[in-house]
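Full structure from sequences and hints, please.
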Amino acid sequence: MTDAIHLPGTAPTGDRVPALQGLLVAESERAITVRVNEGTWTFRRDDVLRVLPDQHAASSDGRPVLVDIRPGATADFTRRLRVDLVDRPMTIAAEPSLALGDELLQQLTASWADSLELVDCPGAGSATFTYCQTKSFDSSDDGINCDSLD
768 MTDAIHLPGT APTGDRVPAL QGLLVAESER AITVRVNEGT WTFRRDDVLR VLPDQHAASS
828 DGRPVLVDIR PGATADFTRR LRVDLVDRPM TIAAEPSLAL GDELLQQLTA SWADSLELVD
888 CPGAGSATFT YCQTKSFDSS DDGINCDSLD
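768 is the number of the first residue of the sequence shown in the working numbering; add one for each residue after it.
Every clue listed holds true.
Cβ-Cβ distance ranges computed for the label pairs, FRET-style:
{"#": "1", "residue 1": "871", "residue 2": "812", "range": "41 to 47 Å"}
{"#": "2", "residue 1": "870", "residue 2": "824", "range": "42 to 48 Å"}
{"#": "3", "residue 1": "830", "residue 2": "862", "range": "28 to 34 Å"}
{"#": "4", "residue 1": "860", "residue 2": "822", "range": "35 to 41 Å"}
{"#": "5", "residue 1": "910", "residue 2": "858", "range": "16 to 22 Å"}
{"#": "6", "residue 1": "847", "residue 2": "909", "range": "26 to 32 Å"}
{"#": "7", "residue 1": "910", "residue 2": "795", "range": "45 to 51 Å"}
{"#": "8", "residue 1": "862", "residue 2": "792", "range": "22 to 28 Å"}
{"#": "9", "residue 1": "913", "residue 2": "823", "range": "46 to 52 Å"}
{"#": "10", "residue 1": "824", "residue 2": "882", "range": "40 to 46 Å"}
{"#": "11", "residue 1": "846", "residue 2": "874", "range": "26 to 32 Å"}
{"#": "12", "residue 1": "851", "residue 2": "806", "range": "18 to 24 Å"}
{"#": "13", "residue 1": "841", "residue 2": "913", "range": "32 to 38 Å"}
{"#": "14", "residue 1": "854", "residue 2": "878", "range": "34 to 40 Å"}
To be clear, the hints were calculated from the coordinates, so they are not data collected in a lab.
We put the beta carbon where it would ideally sit given N, CA and C, even for glycine.
Written out as structure tokens, the structure is:
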């Protein structure tokens, strides 16, 4: 996690985890909210062990802090996204597949079929994949894949 800091001599001990570095933007009896580059964390007050001022950071948007949370804490994470109105429902794009190439894509399809408890046999009734790839002279390499049940 890029927001955790690991200063020399501050290794986690006991029930302490490394501090979260960010800007304290809200604090109440029930919750603490800290903004980081990727979004905003909101922790229950009971999950926060301590809040320390961050002497190494300066900001005009909030108070720079280091927040220690207990292991197993549950937090809400909100990220800021730009919204454009279009003629289709609002969605968030899925993360790109880790499968690159035919072999990895076949392994991903096989694990998908296993999770659905599908019988792996050639011909009708098996799971297959399709992959289309385009290459341009400018080194662009785009592709799309699709799992299907035959």
